[in-house]
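Student: Chain by chain, the residues:
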Amino acid sequence: MRELSFAEALNEALREEMRRDDSVIIFGEDVAKPGGVYKVTKGLLEEFGPERVRDTPISEAAIVGAAVGAALMGLRPVAEIMYMDFLTIGLDQLVTHAAKARFMSGGQVKLPMVVRCQYSLGRVHGSQHSQFFPSWFLQAPGLKVVLPGTPRDAKGLLKSAIRDDNPVLFVESGVLYHRMKGPVPEEEYLVPLGKADVKRRGDDVTVVAVSRTVREALAAAEKLEEEGVSVEVVDLMTIQPMDKEAIVESVKKTNRLVIADDSVKTGGISAEVAAMVVEEAFDYLDAPPVRVNSPTLPVPFSPPLEREYMVDSEKIADAVRRLVK
Amino acid sequence: MRELSFAEALNEALREEMRRDDSVIIFGEDVAKPGGVYKVTKGLLEEFGPERVRDTPISEAAIVGAAVGAALMGLRPVAEIMYMDFLTIGLDQLVTHAAKARFMSGGQVKLPMVVRCQYSLGRVHGSQHSQFFPSWFLQAPGLKVVLPGTPRDAKGLLKSAIRDDNPVLFVESGVLYHRMKGPVPEEEYLVPLGKADVKRRGDDVTVVAVSRTVREALAAAEKLEEEGVSVEVVDLMTIQPMDKEAIVESVKKTNRLVIADDSVKTGGISAEVAAMVVEEAFDYLDAPPVRVNSPTLPVPFSPPLEREYMVDSEKIADAVRRLVK
Amino acid sequence: MRLCMSIEVVGEVPVSSYGELGLGHDILVGMLRDMLLIRRFEERVERLFLEGKLIGPSHLYLGQEAVAVGVMRAIRRDDPVVSTYRGHGHALARGVPPRAVMAELFGKAAGTCKGVGGSMHVAMSVEHNIPMATAIVGSGIPIGAGIGLALKYRGEDRIAVVFFGDGAANTGAFAEGLNLAAAWKLPVLFICENNQYSEFTPIRSVFAGESIAARASAYGLKTFQAFGNDVITVYKTAKIASEHVRGGGGPAFIEFQTYRMKGHGVYDTAWYRPKEEVEEWMKREPISLFTSKLKQAGVIDDGKLREIEEEIKEIIDEAVEEAEKSPYLPFQELYNLVYVEG
Amino acid sequence: MRLCMSIEVVGEVPVSSYGELGLGHDILVGMLRDMLLIRRFEERVERLFLEGKLIGPSHLYLGQEAVAVGVMRAIRRDDPVVSTYRGHGHALARGVPPRAVMAELFGKAAGTCKGVGGSMHVAMSVEHNIPMATAIVGSGIPIGAGIGLALKYRGEDRIAVVFFGDGAANTGAFAEGLNLAAAWKLPVLFICENNQYSEFTPIRSVFAGESIAARASAYGLKTFQAFGNDVITVYKTAKIASEHVRGGGGPAFIEFQTYRMKGHGVYDTAWYRPKEEVEEWMKREPISLFTSKLKQAGVIDDGKLREIEEEIKEIIDEAVEEAEKSPYLPFQELYNLVYVEG
Ligand SMILES: Cc1ncc(C[n+]2csc(CCOP(=O)(O)OP(=O)(O)O)c2C)c(N)n1
Ligand SMILES: Cc1ncc(C[n+]2csc(CCOP(=O)(O)OP(=O)(O)O)c2C)c(N)n1
Ligand SMILES: [Mg+2]
Ligand SMILES: [Mg+2]
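Residue numbers (the numbering used here), protein chains in the order written: chain S, 62 to 386; chain U, 62 to 386; chain F, 169 to 510; chain L, 169 to 510.
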């Protein structure tokens, strides 16, 4: 199968959906003529014109708010927030409006909108450009929250997100954009929201991963196989709604759980996964779930410090080793 | 001992700290002449004058940002955000600036600031005025996050927060302001940040609660005592940094844990507590920790629906009953 | 350098010009009736709150009736409107049935939002082209820009109309939303109801610069100012502004001067306002102002007025009665309101 | 109605007036030297990036040297400054040692922020009264207001000085921060470096209204406009504006017209800019502009220039050398940087 980079796969998803449905429009900072700072929207202005692909002013509240308004009128806006950090500025619109409009209207309205953003952990961007806080949105029912870990999933999930009638927050790993390539089918396909994916089968330990850590988990599994440990890797892909069944099913088989994600440890995605698994499968657990996260610190700039800060395959493998010992 | 309402206790804390230290100043929407929409800052303008007690424009980013700036210069601003919901608008300043300034400057600066806000769950304010999301800030190291559950603690914790050299987010329960009275010592005292408080001793089950649910947990414990179940109630008071030792110690004694908080269930405070306890005391647990939260829904306005939505003593008692059965 | 911006001030329309605006007697009486409906409705709501039959926050529209009615009559019924937590008046002026509004305040399933929204979102009615009523000050402004974007993209001749207060002019959302609308020349009409106060704080004490209108103008919008307590002046201004927008001229902004008759919410006594200020404004209170003008013009007399009052009383009595006896939504139904399925 | 605001445009200062401004030869040469230090420093940084010795984002100050140097010379050394991610120039103009700046870019413990901040926060130096350098566009503006609040409250005669770009003028933080500063008459000088682009987007294409200066004026600030590539014009404008602020006149705002010589960040080739535009601006590039003026005035000659260049080269060589060989902070130390203990 042909290989595409993460960014190329996302670009294809946008392009296909825009061809398919003229209610899909795109806007964000530097997305049109420049094609996006990371080239995810490259060529879209040329193909779809300035009415459908728009550069916005630096105004994240307006970007997300305009997506809310456009979605209320039946368009399918895909708004880009350049770094997840800047999402805080549009958060009132995302959490207090997009997530709640349907509910508080008694079900009258729907908001088929996507907010895309990326986090730059791993790209030595320092404390204010590397934040990763998808777990916040577990507290914002009404949103779907999607985090692809491979180019194939990125494309299929983004297409599904655009077709979904609910507001979707789509969080990409910036470090993967051009550094990860992977097989992507030529023919059209969708990857469903709300479903986890078992990326590797195994018997001894379940490793739940999401976004950038999926690749790390798979690398860890590879290493561990040589050591005689069989690891099952479950890629969450959507964290809200979360595919509890897939996780619990895997844990019931392996009886051991490691959760690896790029959040800082306290209150991260892994906290919810651990709490949920303990609720649903306590008696199946041979040991407490282990969370592999960044330490509860802001992100340091200094390249070696950032590297040490991050979850990697070695840290995941270590956690697994301790668990099976 | 004399009894004060929650709002009165907070007012006293502000007043005492302003008398003690002229670097304490207050600003927020309607806090000066009106004395705050919930009267927490009543009389402060009259006592301390318009330079120290200021009404702001409706501009939460400016309010929190101005606190950051003032704190950088060594003042001890106490900024009020009227409803926790509006904190999203000032969140870039709180999370990306206040929480990280010290770290990213290599430890050069400190930010002795407090951001006070209240959540109105229980006051039939609907989806956009009832949000409670303190668990977000577990992902924002650099902040301390404090949630008092009684008038006594409210006063002592607020005084400590004002004296602390770190940025503190201080979250109050609006429904308690005038509906909860409690003993408050006349003489000066502080309640330390970062420490939990065992509000009631018991042997069979630990109930961890925070903010409004502390009262509910205590009411549940009372009822359960009549049923022969002995409940220990641990009030978190500070969720960041979290007093793991106190929680774990209690669980090691009771071997059973219920966590009750006003977050919606997924990704709430209780998720972190559950995950942490499982990590630290797995072998002591006779049963999986039970989370008692609001369902993962936005807050409905309709009074009976809001009531049903909320954690109460009956729901906590039920969880305990199921656990000891 | 002196930099000059033009702000169009629309003067108070004399009774003698009503004809030129194409406003026949029926329409004029209809406008008075709409204003009276809001007035009596809000008075009843206030009473229900003080009696403890209604609870929660509620922001009455008393004193600002001329703005909602004048604007709604000037725009088209299919122009989407963004309302606020002070939305009872917007909803009623738009034709949302009083019974649906009242039921929402009671938190009942028959309400506009099934009782899930409450007073602050009661105006949300897709059927009446009010897809949003926000309780967050200023946040409707970028949303309105987004609605305008959709209308422009679809090549429709509808325009978006966004209501908000003076306090909103200090928010970042105001600035970002106005800039976006103007930079993209979106068909949006922004209506600022400057009732002089943001909650308990006089706007002047927390506002810098010449005026709200001047700010809007600096963001590149075609800007108007007018007296908001005279319904026909409101109508005329909104008509001119909406024609500018509908004609493709880009967004427009109107600052209406008006006044809250009561406190910010039902429990607020408005103790912080100077007595003279209140008296001065009460002299120009919109309903007596318009009634006397209509009488002067011979459009209405006391008999007709009584008739209208009776009709309105009946409507409101019925709305309250129905709301009181109608059921709440079953809790389980809430789970169906969060996501669109499928 | 025509509403007029006054914006003070400060014209380019002719060489013949340098004396009137009290600028002796030493000062003038010192200003050129500071500009050259920034220029050569940034050129070296660019090279280090292209060689792969430095990584991460980096926003060079090439072409804007006159703004930092002119402003820093006009204000007092104890006036607190808020800088941005484009802060190398602000730091150097303020006197932060080049070795500390360079070490920070290398992520080393000897850097201004111990290597924890990086290029985007390198200007943070409490010792040099730069307590904040933010990487979030616009966010320094409310922070600057807060600094001004503290200075005013303490009755100090210092003023806060906030730098930001043209793109910041579209943010909500800009609006909220300016309004607060003006409503409270805070001693803050806002410096907008309008280099015509926000990343790859020309500001004019996403900005509505007359000008950035006009917006500031609508928020009630005393406002100035001037050419930002002429360091003495910058100096004079900042002097007038800072005196206004220091004298208790409330906040002031200056929009300087300037231009980035290179791309937004080190890897950006700036392909999106019209060639003619670039050429036009390069004719008025700040260092050759000032050098030729100083030569014309007989203040400097090629010999002196060479001397300065050599001194600077040595400083930068040393800074790079030291930075390269100095150690990183041990990871464990990070835990001590999050909270103040005790
Ligand atoms: C962002 C935000 N901040 C604060 C509030 C609390 N609040 C509700 S109404 C109000 C005053 C708004 O004043 P104005 O915009 O003039 O509208 P009015 O109430 O006078 O109609 C405030 C501060 C809010 N709802 N949203
Ligand atoms: C709130 C926010 N949005 C987006 C960005 C990404 N970004 C970094 S610099 C920049 C352009 C800023 O332009 P301008 O304000 O003109 O400053 P300049 O870079 O030209 O100095 C953008 C969009 C950011 N850092 N912060
Ligand atoms: Mg108002
Ligand atoms: Mg720029």
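Everything labelled a hint here was simulated from the structure, so no lab data went into it. Hints may be right or wrong, so weigh each one.
Straight line, CA to CA, 20 Å or less: simulated SDA-like cross-link-like pairs of lysine to any residue [to be verified]:
| no. | chain 1 | residue 1 | chain 2 | residue 2 |
| --- | --- | --- | --- | --- |
| 1 | U | K313 | S | F343 |
| 2 | L | K221 | S | P365 |
| 3 | S | K305 | U | P356 |
| 4 | U | K103 | F | P370 |
| 5 | L | K353 | U | K313 |
| 6 | F | K320 | S | L106 |
| 7 | U | K171 | S | T357 |
| 8 | U | K313 | S | A348 |
Selected chain L positions facing chain F (Cβ under 10 Å, derived; list incomplete) [what the hints assert, rightly or not]:
| no. | residue |
| --- | --- |
| 9 | L346 |
| 10 | N347 |
| 11 | R383 |
| 12 | G471 |
Note that beta-carbon positions come from the ideal geometry of N, C-alpha and C, so glycine has one too.
Student: Please go over all the hints and tell whether each is borne out by the structure.
Tutor: Each hint, compared with the structure:
1. K313/U x F343/S: holds, 17 Å
2. K221/L x P365/S: holds, 13 Å
3. K305/S x P356/U: Status holds; Cα separation ~16 Å.
4. K103/U x P370/F: holds, 18 Å
5. K353/L x K313/U: This hinted pair is violated, its Cα atoms lying about 58 Å apart.
6. K320/F x L106/S: holds, 18 Å
7. K171/U x T357/S: Judged against 20 Å, a Cα distance of about 19 Å means the pair holds.
8. K313/U x A348/S: holds, 17 Å
9. L346: holds, 8 Å
10. N347: holds, 5 Å
11. R383: holds, 5 Å
12. G471: Given a least distance of 42 Å, the restraint on G471/L is violated.
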